[in-house]
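Asks: Fit chain B to the known structure of chain A by using the hints.
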Amino acid sequence: MATAKWPAIDKRTLIGKRIDRADGPVKAAGVARYSFDINRPGMLWAKLVVSPHARAELVSIDVSEAASMPGVKATWKDDSLLGKEVQYIGQIVAAVAAETEEIAQEAAGKVKAQYKPLAHQANDRDPTLSKDKPATRNTGNVDEAFAKADVKVEGEYGIPVITHCCLESHGQVAELRNDELHVWPSTQAVSSYADVSISDASGVPRNKIRVDCQYMGGGFGSKFNPGKWGVISSALAKQAGRPVKLMLDRDLELMIAGNRPSAFAKIKVGAMKDGTLTAMETEVWGTAGMGGGVPQQIPYVIDRIPNVRLTAKRIQTNRGPAAAWRAPNHPQSCFLTMSALADTAAALKMDELEFFLKAVQLSARAEVYSEELRIAADLIGYKQKAHLRGDPSGGSVKRGLGMSVHTWGGRGHPSECDVTINPDGSVEAKLGSQDLGTGNRTVIAIVVAETLGLPLEAVRIEIGRNAYPTSGGSGGSTTVGGVSTSSRFAATDALNALFAVVAPKMGVQPDALEANGGYIRQIDKPDNRISWRNACALLGVNSITKRGVNVPGESEKQGFISQGVGGVQMADVSVDIETGVATINEMVAVQDCGMIIDLKTAESQVYGSLIMGVAYALYEEAIYDLKTGRMLNADMEFYRLSGLKDVGKLKVHMMTSKAYDDRGIIGLGEPPVISPGAAIANAVANAVGVRVPHLPLTPDRVIAALQKGGII
Amino acid sequence: MNNEETEFRIEVPCRHLRNKEMYYQEHGQADDEFSSGLFWCGKTHESFGPDGQPSGKNECCRGRSCYIS
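Protein chains in written order, with our numbering: chain A, 72 to 783; chain B, -9 to 59.
Here chain A stands alone, though its shape is the one from the complex (with noise of 0.2 Å):
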């Protein structure tokens, strides 16, 4: 009989190894179809016609003129709007549905709409703005620790709202067939995208509605639901008879689609001169837009400094809306504290390695904290090239390290999966889940044969449709943890089937036999053994299908899955003094995610996130007008991600001891994007000798900065 426990690390064929993306080929071979290659017989191209003014009340919209256009077959309107107020420029008010791209576009532009401007509010950086009560946080005796303390260090940090940027923008096509709306949207959560506004746009009950998305082009906390594109899509492909496809264009993508609130601080650091932190004070503010909050994990991961205040304040501001971006509130909140602990350190004259690992100390899991820092010491050559703040040596290139701590949750999702085992010896699993672009094709792949004891391509691997059974989002690094448990628990119940049809004719008992490499044989006597092929094919005619169910809290309490992760990242950057270029030579990341399912993968998801973090270290930036409220780099060219001759040389180092993998699997997708912008501003801080307190750390900040230190 198998049991759905993990294998131990030593009787592992697949599991922990380092395996190739099974959707590699076709994604390099430009095979793969993304939800925006989808094209239909018979499609109509839609586009938006969208707010000019950041607020306005809206009087009244008129496509009459839009729709008389030849080749335009549908029109929408947002009447619900009328006598109400947009509340940012972007903001959806109408749409058309013509033959091709370039009619749409041209008919979206005869849409009359009239609007009452208003006053509008778009300044995210000053606090007094905030017009709710802030919230506050007080634990210990703050004015007393800091009366105590050897030194008080104060600054002002900031950063800024970022967008996504996906570079497949959000939307769907979507199409009415024989009483049915198939939809092929680019989202995160597949089994659960078919909403209530959906069913309402096009009159289809989601017993009728059907998605599927077999590959996308990232989402990073964005695209769960169906957004308003994904109601008019549907609404116009209803009206038309015809399916419909609604992308985003790039400027509405980035204005629209969702943004990464911003945050600035005001604080004060109480420490005695041996290192040891005794107070924190926080004033943090920012925009999550008109709803949403401000990031108040403050202090960040070093939560045991024994005196802290925090005092919150949301300003809301007439832009486009926020979305939860990788990791919702931690890098801000991380790059925050990690560059007040830096500055502190600094004022302490003391070396930013033995800080923190005296700092760490005050977090929930300084062993593992220690540890890593040790590791990313050793890898970046810290004891080699470490010096006090301010690179010491002469000419106009500085060169600097700096540091950061993270962690995240990532317990798996719920998740069903359905494993068939066939007569000829084929196997599929099915699951209601999604690949963003991350793995999960292959993780899935890798359970089940592993589980079974097959080859890996001997497992086809069918996700991406809600006609299968449902598996969770892909949000909070909870998917490597939903779906590897479900689809263990359902090849092991399959397994277990096939052995109860095979032990007779082996004159076993099925608890007797294990699968391994392509045969099934007796544990204690290996030579008594089937071929896969021949066991399966005493199933005669009917296939073995079990389903898997993970179910998290129980999981969790079997050791499947856990949760609560810890990473060290280090930076290694030299600055032009002169120029103010800051430049990665090397960054090191240090990570832990439990149970490790395929290492090539999870070094994946660790070096795209430094690569995406050394973005919004150094260039990404939504940069607003405040006189008219609009997103003045809404486009590739001007809101600047990071190129490969950008990312410098880049390390990763997963935890994999025992002591790791006994903890269960835990997810991975955001942890490491936590803290690649503070230990660049740290690493910038320390070759420069000044902090430079707002992200991105461009050119013109950084020479500002020199320029109030004195340094030039």
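FYI, nobody ran anything at the bench for these hints, they're computed from the structure.
Ideal Cβ placement from N, Cα and C applies to all residues, glycine included.
Accuracy of the hints is not assured; some may be wrong.
[What the hints assert, rightly or not] Listed below are the simulated DSSO-like cross-link pairs for lysine-lysine, each with C-alpha atoms no more than 27 Å apart in a straight line:
no., chain 1, residue 1, chain 2, residue 2
1, A, Lys384, B, Lys47
2, B, Lys47, A, Lys617
3, B, Lys47, A, Lys729
4, A, Lys722, A, Lys98
5, B, Lys47, A, Lys181
[What the hints assert, rightly or not] Label pairs and their calculated CB-CB ranges:
no., chain 1, residue 1, chain 2, residue 2, range
6, B, Ala20, A, Gly466, 25 to 35 Å
7, A, Gln185, B, His17, 27 to 37 Å
8, A, Val652, B, Gly53, 53 to 63 Å
9, B, Asp41, A, Asn110, 49 to 59 Å
10, B, Asp41, A, Gly211, 34 to 44 Å
11, B, Gly53, A, Gly211, 36 to 46 Å
12, A, Ser614, B, Glu23, 38 to 48 Å
Replies: For chain B alone, kept in the frame of chain A given last:
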């Protein structure tokens, strides 16, 4: 106890209130340090409801003009 009393005692958020945690967490899982704190309205697909006011677990409750149980 009749049904009306039960419904009155249980605070049911608006049926259109959404946040990303709904898409992957178990039912009833409490907020923690990893919660996004970001909500949207499933009716408007904006961070504010049909009445133009922000969406949120404390805001989208019985008594609001656009609330639907």
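Asks: For every hint, state whether the structure bears it out.
Replies: Quick rundown of the hints versus the structure:
Only pairs whose Cα atoms come within 27 Å are accepted, and A:Lys384 paired with B:Lys47 is accepted, the gap being roughly 18 Å. The hinted pair formed by B:Lys47 and A:Lys617 fails the criterion: a straight-line CA distance of about 38 Å is larger than 27 Å. Between B:Lys47 and A:Lys729 the CA atoms are separated by roughly 41 Å; this puts the pair beyond 27 Å, and the hint is violated. For the proposed pair A:Lys722 and A:Lys98, the alpha carbon gap of about 25 Å is at most 27 Å, so the pair holds.
Distance check on the hinted pair: B:Lys47 and A:Lys181 sit about 39 Å apart at the alpha-carbon level, beyond 27 Å; violated. At about 55 Å, the beta-carbon gap between B:Ala20 and A:Gly466 misses the expected band of 25 to 35 Å. Between A:Gln185 and B:His17 the beta carbon distance is about 45 Å. The supplied range of 27 to 37 Å is therefore violated. Our hint of 53 to 63 Å for A:Val652 and B:Gly53 holds, since their Cβ atoms are close to 56 Å apart.
For the pair B:Asp41 and A:Asn110, the supplied restraint of 49 to 59 Å is violated, since their beta-carbon distance comes to about 39 Å. For the hinted restraint 34 to 44 Å between B:Asp41 and A:Gly211, the CB-CB distance of approximately 42 Å keeps it satisfied. Against the hinted window of 36 to 46 Å, the Cβ-Cβ separation of B:Gly53 and A:Gly211 comes to about 38 Å, which satisfies the hint. The hinted range of 38 to 48 Å is satisfied by A:Ser614 and B:Glu23, whose Cβ atoms lie roughly 45 Å apart.
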